[in-house]
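Undergrad: So the chains spell out like this:
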Amino acid sequence: MRFKAKRCGVLFSPPSIVLIYQHTETKKVRKRIIPVRNFSKYSDYSMAAERLKNHPRHRDYLECVSQSQLEKLHIILRDHMQGFSLEHSLASFHLDPDEDLNKLDDEELTRKKGQMDELFEKNRKRKDDPEFVYDIEVNFSKPVLEKCSWDEESDDEF
Amino acid sequence: MAGDVGSIPELDQKKYDSDEQVKIICLGDSAVGKSKLMERFLMDEYRPQQLSTYALTLYKHTATVGNRTVAVDFWDTAGQERFQSMHPSYYHKAHACIMVFDVQRKITYKNLANWYKELREYRPEIPCCVVANKIDADLKVTQRSFNFGKKQGLPFYFVSAADGTNVVKMFREMIKRAVDYKQNPSDFMDEVMQELENFDLEKKEDNSEADDDGLTAESPDVV
Ligand SMILES: Nc1nc2c(ncn2[C@@H]2O[C@H](COP(=O)(O)OP(=O)(O)OP(=O)(O)O)[C@@H](O)[C@H]2O)c(=O)[nH]1
Ligand SMILES: [Mg+2]
Chain A
1 MRFKAKRCGV LFSPPSIVLI YQHTETKKVR KRIIPVRNFS KYSDYSMAAE
51 RLKNHPRHRD YLECVSQSQL EKLHIILRDH MQGFSLEHSL ASFHLDPDED
101 LNKLDDEELT RKKGQMDELF EKNRKRKDDP EFVYDIEVNF SKPVLEKCSW
151 DEESDDEF
Chain B
1 MAGDVGSIPE LDQKKYDSDE QVKIICLGDS AVGKSKLMER FLMDEYRPQQ
51 LSTYALTLYK HTATVGNRTV AVDFWDTAGQ ERFQSMHPSY YHKAHACIMV
101 FDVQRKITYK NLANWYKELR EYRPEIPCCV VANKIDADLK VTQRSFNFGK
151 KQGLPFYFVS AADGTNVVKM FREMIKRAVD YKQNPSDFMD EVMQELENFD
201 LEKKEDNSEA DDDGLTAESP DVV
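If you're matching them up, the sequences are chains A and B in order.
Letter by letter, the first sequence follows residues 1 to 158 in full-length UniProt numbering.
Letter by letter, the second sequence follows residues 1 to 223 in full-length UniProt numbering.
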C-alpha cells in the first residue's frame with residue numbers, strides 16, 4: 001500500500017470526495033480532491049462507489065478506504081442533491097443499539113453499516129500489516145464469569 | 001409440499017448428499033457481521049457467488065479434515081426480514097449452522113432464540129454454535145457469560161471479524177463437526193427428503209421405460 005488514508009469527506013460543489021492521505025514512504029500528508037462525475041440525485045450510490053474504487057486514476061489512493069465508507073460519502077452527496085441537510089444525513093447514520101435492523105431496507109441498512117465501518121476499519125488487522133496473523137486464538141474462559149445482564153429478564157425464553 | 005422446500009433453481013442442492021460435500025449456513029440478524037466473518041476466514045481465497053434474489057452469498061472452500069479433502073459450501077444469508085420466505089432453502093440439507101450476534105446490540109442476542117427455534121424446526125439435530133462477534137469494540141464483554149445455548153450444549157465463541165480473534169478456530173471446528181455429522185446423521189428430515197427425491201426419480205424412470213418400450217416396439221421394423 002503506497003497511501004494510507006487519514007480522513008475523508010465531501011465537497012458539495014462541485015460534488016467531490018476529499019481524501020487526506022499519507023504517503024507510506026515519505027510520510028508526507030496530502031489532500032486529494034476527487035470529483036464525482038455522472039452522479040445525480042437518481043444515481044445508485046453503491047455502483048458509483050464501486051466505480052470510484054476501481055477508477056484507474058484514484059484506486060491506489062482509495063485502496064484503504066472501504067466500499068461502504070465510499071457508499072456513505074455518496075449517500076451524503078446524493079442527500080444534498082435531493083435537498084436534505086447534512087444534519088439529516090448524519091442523523092440517518094446514527095446507530096441506536098436497540099433498533100431492529102432486520103426491518104430496514106437496503107439503503108437504510110447501508111447507512112447503518114457505513115457507521116459501523118468506522119470502528120471496524122480502525123480495529124481491522126489487514127493481511128499486509130507486518131504483525132498480521134491468520135489464525136489468532138485467544139482463550140477467554142475465565143474462572144469467574146460475570147453473569148450477563150442480557151440473560152436476566154427473560155431466562156425462561158431460553 | 002416438502003418437495004418444494006429448498007428448491008433454488010440456480011443451485012443443485014442434491015450435491016450435498018455426496019460424501020465430499022458439506023453445507024454450512026451462517027445465520028443471525030442484519031449487520032451482526034456474518035459476511036465479514038466469512039471474508040476474514042477465507043481471505044482472498046473466496047470467489048463468492050451472489051444470488052441477490054435469495055439474499056444469499058455462496059462461498060466455496062476446500063478443507064482438509066483428518067486425511068480427507070472436503071468441499072465446503074458456506075451459505076451466508078441476509079438477516080433482513082423481507083427474506084424470511086427464503087429461510088427453508090437455507091436450512092435444507094445443511095450440515096452445520098453458525099449463529100452470530102453482535103456484542104454491541106442486545107437485540108441481536110435476544111433474537112438468537114427466534115433463529116434457533118426456526119433452525120430446529122427444519123434441522124432438529126445438526127451441529128450449531130453461538131458466536132459473539134465484534135469483541136474488538138469492547139473487550140470487557142469477554143468477562144461476561146452469555147447463557148443462550150448453554151442448556152442445549154452449543155459451543156460458544158468470542159470472535160472479532162475485524163482483528164481476527166478466534167475466527168479461524170471457530171470455522172475449522174464447525175467444518176469438522178459438519179463432516180462428523182454427515183458421516184453419522186441423525187436428522188429424520190434428511191431421510192424424508194431423500195425418500196421424496198427417490199420417489200421423483202422412480203417416477204421419471206417409469207416414464208423413460210415407457211418411452212423405451214415405444215422404441216423397441218418400433219425397432220423390429222428397422223431391423
Ligand atoms: N468493530 C467491528 N465491526 C464489525 C465486525 N464485524 C463486522 N463489523 C461491522 O458490522 C457491519 C456489518 O457487517 P456485515 O458482515 O455486513 O453483517 P451481516 O451479518 O453480513 O449483515 P446482513 O448480510 O445484512 O444480514 C460491517 O459493515 C462492519 O462495519 C467486527 O468484528 N468488529
Ligand atoms: Mg451479509
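Please keep in mind that the hints were generated in silico from the structure rather than gathered at the bench.
Predicted model, so just to flag it, every value in this text is computed and none were measured.
A hint or two may mislead.
As the list claims (entries may be wrong) - BS3-like cross-link-like pairs, simulated, lysine-lysine; straight-line CA separation at most 25 Å:
(1) Lys60(B) with Lys147(A)
(2) Lys112(A) with Lys169(B)
(3) Lys125(A) with Lys60(B)
(4) Lys117(B) with Lys106(B)
(5) Lys150(B) with Lys112(A)
(6) Lys110(B) with Lys125(A)
Stated by the list, open to error - Among the chain A residues that face chain B by a calculated CB cut under 7 Å, a handful are:
(7) Tyr61
(8) Asp135
(9) Ile136
What the hints assert, rightly or not - Distance windows between CB atoms, simulated:
(10) Arg68(B) with Glu25(A): 42 to 52 Å
(11) His55(A) with Lys151(B): 47 to 57 Å
(12) Pro48(B) with Lys122(A): 21 to 31 Å
(13) Ser43(A) with Glu125(B): 45 to 55 Å
(14) Asn123(A) with Leu154(B): 23 to 33 Å
(15) Pro48(B) with Asp60(A): 35 to 45 Å
(16) Ser40(A) with Lys151(B): 32 to 42 Å
(17) Leu139(B) with Asp128(A): 36 to 46 Å
(18) Lys122(A) with Phe83(B): 23 to 33 Å
(19) Lys151(B) with Arg126(A): 35 to 45 Å
(20) Thr53(B) with Ser40(A): 19 to 29 Å
The beta-carbon is built from N, C-alpha and C at its ideal position, and this holds for glycine as well.
Undergrad: Of the numbered hints stated previously, which ones are contradicted by the structure, given in increasing order?
TA: Checked against the structure, the hints that fail are numbers 1, 2, 5, 6, 7, 15, 16, 17, while the rest are satisfied.
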